[in-house]
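With the hints as a guide, bring both chains together as one complex.
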Amino acid sequence: MPSLDVIAQLGATEEIGLLRDRIATWLESVDEDLRDPLAWAFSGSPKHFRPLTLFACHRGVHERPRLSEAVELAFAVELAHNMSLIIDDVLDESQTRRGLATIQCRFGRLPALMASGYLVADAFDAFAEDPFAVRQLAELLRRLGAAECLQWRLRRQPLGVEDWRRIAGEDTGSMFETCAVLGARSQRLRQYGHLLGVLYHGCDDVADQRGVEALGGGGEEDIRDGILTLPAALAIRDPRIRELFGRDDEDPRRLAILTEACREQLDGAESVLDRIADSARTEAAQFAAEPGPLIALVDHVRLLSRR
Amino acid sequence: MCIHANGLGCTEPHEGLALPWMYGYSGMYGSEVQRMLATSSMVGAATAFRMGLGYYELMAERWPYLMGLATEASADPPRGGRAEAEFRDELLALAHESSELYWRELRRGVDDLDAFTRPEEHPRRPPRRPYRTKP
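Top to bottom, those sequences are chains A and B.
Throughout, this note's numbering is defined as the position within the first sequence, counted from one, plus 325.
Throughout, this note's numbering is defined as the position within the second sequence, counted from one, plus 3.
One or more hints might be untrue.
Taking CB as the label site, the calculated pair distances span [claimed, not checked]:
id, chain 1, residue 1, chain 2, residue 2, range
1, A, 473, B, 41, 50 to 56 Å
2, A, 571, B, 43, 52 to 58 Å
3, A, 473, B, 62, 32 to 38 Å
Here are a few chain A residues that sit away from chain B, every Cβ distance over 12 Å (derived from the structure) [to be verified]:
id, residue
4, 343
5, 351
6, 434
7, 562
8, 579
9, 612
10, 625
What the hints contain is simulated information worked out from the structure, not anything from laboratory work.
Using N, Cα and C, we set each Cβ at its ideal position, and we do this for glycine too.
In isolation and in its complexed conformation, chain B is listed as follows (with noise of 0.2 Å):
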């Protein structure tokens, strides 16, 4: 039996304004959502992974320096003064990129979730409105 948009339900069989192809359900609305939550467990995972791989290349490419810096900032002045001052926009431009890859990863993650979990579109038949005598 399919459910009509007014709410009241028939039993024969015919093409309309039906729930089951307006939303994709499938018959089973449990185990579409179980599907749902599957993929969103499995992105979630691979967002964290891709964040944390990304931020272990940035500081790896980044922390042997800034420890260089942070070692010469601390000799006598001119040299010290300005190992300082690269040290802090060092340091700022860590934690910016670091903000920026997590952003980045993290709205990567909700585009994949949701091309993951988008119902397929069925081809419609073009709209039909039935004939309505008032008596």
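So here's chain A without its partners, still in its complex pose (with noise of 0.2 Å):
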């Protein structure tokens, strides 16, 4: 979770205090079967990095930022964000998110599914007088859709860095460019927010490698699904390790010769993510008329990935 300094440093305290106050009254009008599931997938400690985006590129553009609009905007896209993690803990039979357990296996399966519908009727509704964001968050529901389908469909394929980058910028990307376009109210800085997106999966990926559980861990199972992480992309780079990372087995020699050689790999996974957070600081330099929030926020993403 960003510490409160962070969050001051971009600027965004208030702005993530009347996200956390909207959150909660929109909590106290949900349907009396959901109010539970709905309250659990907003406990534990979210991270807020998506509306830390749309605050950061909505102060970056314009001179005279509207707060509620920029608030109620958030809002709509912690709905759909926590939507996606209800939706991928189900998937993945996830027993625990953010240090507690998951909406299904605390409520069970069907809570769970109907809460996620219900978080996406709401974010809609929330935009209901806005065809502009109706239409973002359209796009993004589309994108996270086919990035699932597209990430377990290349699942044990001999791919590569640049495959990894595709994956992440339709997964993570998408979200974080949504976050961006709404921020601004333009594609001006659309590019921005998808290198911010595809540098947070990276380290995510890369913190998973290190243990880290921070980011919500997960490394191993990547690992014995046949995920394409980047540790993974250049790991594979080894004929040898490209065959392993091909079978489909839960043999725990083979993941864990695996598993080392993903953890060999992580300068290099670091140095393609140095490269990424410079595009995207040069991105916040040439398109924000103010870019030191979204440079702040470049530096602390690029941090995830060591702690």
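Now the structure itself:
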């Protein structure tokens, strides 16, 4: 979770406070049958990186930021993001999320799936008077759905770093892109959002491999399932590792070799992430009137892989 | 003589909904168009220069390593196989970053052209509608 210092450094203390208030008010108004699962979805320690991106892009472009408008947009983005987390947990049959039991573990599969639908409906409802935002959210949901299928289809394939970038760009990148477009209310910072999302995804991959739980963990599961993470994309350049990566079994020896091979690629992965971070900073410097918070956000996300 | 929004002309000097200040018209359409054309040529040339320079820097940085990998790829496996996979990654990365560079410089060029050709905003008087009395 970003510390209060980081939120303050980005000048988003007030916005994040208002966003939390907005979520709390919304939770009071939701249907009684789904209130507990929905409240559970927002408990734990949300990292708020997506709203922070939206707020930073809003302030990076607008001379006079419109706080209430930005908070409402961030609220809808948080609903959509939490929907995607619930679906991920159902598909992966995950036991925990942010240090707590997942919704389907605590309440069951039916409430989890229905809560995810409820979140999408209310996200669109929050944008009801804003056709621009409706289109962005619709595009995001289409891309997220396709990205999940793409990632699953490309499992255990002998691919490379650029293929990883494509997957990361459609998965996490699309969410951050939407935040940047909604925050700036134009396409001006779309590429910045895309790069920030790819960077976040890559830092997540590397942190998982280092065994860092702060971003959600899951490195061993990724290797077992043949998911193309950034360290895996580098490791499978070795034909011997590539052959092992392509197999579909739970042989502990094979998994141990793959884990070790991925660990050996952490420095190379950090170099790839440095290049992506540099591109994101260049985008911010060229296309934001006030790039300071955008660059600070890149710097902070970049640190996530090292924690 | 100024031209009103309704298309009628008048000779009296006054402020109103007239074309000159609405569009920043200098009085000589031709000279303004020429200035914009000259600006777009300058911006286009600067953009092309930046793209070329950026591409040169990118190639200077990546090409020697890429060639090294190409040589190494001809070696026996497993070294050759590894170099081949890395070569593909590096080649695609070079293509990807070139396209990013071009796209960024083109957008920057459009921004510059917009900024250099935008008409100055003149302080306007509050809108005023003259009284009209129907006969």
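Practice problem: Verify that the Cβ of residue 434 of chain A lies farther than 12 Å from every Cβ atom of chain B, and report whether the claim holds or is violated. | Solution: 40 Å, holds
Practice problem: Examine each Cβ of chain B, and state whether all of them lie more than 12 Å from the Cβ of residue 612 of chain A. | Solution: 7 Å, violated
Quiz prompt | Satisfaction of the hinted span 32 to 38 Å by the C-beta atoms belonging to residue 473 of chain A and residue 62 of chain B | solution = Since the Cβ atoms of residue 473 of chain A and residue 62 of chain B sit about 37 Å apart, the hinted range of 32 to 38 Å holds.
Quiz item: Taking 12 Å as the cut and beta carbons as the points, is residue 343 of chain A off the interface with chain B?
Solution: 32 Å, holds
Quiz item: Should the label of residue 579 of chain A as a non-interface residue stand, given a Cβ cut-off of 12 Å to chain B?
Solution: 17 Å, holds
Practice problem: Grab the minimum beta-carbon distance between residue 625 of chain A and chain B and tell me whether it stays above 12 Å. | Solution: About 23 Å separates residue 625 of chain A from the closest Cβ of chain B, which puts it past 12 Å; holds.
Quiz item: Does the claim that residue 562 of chain A lies outside the interface with chain B hold up, using a Cβ gap greater than 12 Å?
Solution: Label violated. Min Cβ-Cβ 4 Å, cutoff 12 Å.
Self-check item: Cβ separation of residue 571 of chain A and residue 43 of chain B, checked against the hinted range 52 to 58 Å
Solution: Hint holds: Cβ distance 53 Å, inside 52 to 58 Å.
Quiz prompt | 50 to 56 Å as the expected CB spacing between residue 41 of chain B and residue 473 of chain A, which holds or is violated | solution = The hinted range 50 to 56 Å holds for residue 473 of chain A and residue 41 of chain B, with Cβ atoms some 51 Å apart.
Exercise. Report holds if the minimum CB distance from residue 351 of chain A to chain B is greater than 12 Å, and violated otherwise.
Key: At roughly 37 Å from the nearest Cβ of chain B, residue 351 of chain A sits farther out than 12 Å, so the non-interface label holds.
The structure does not agree with the numbered hints 7, 9 stated previously, though it agrees with the rest.
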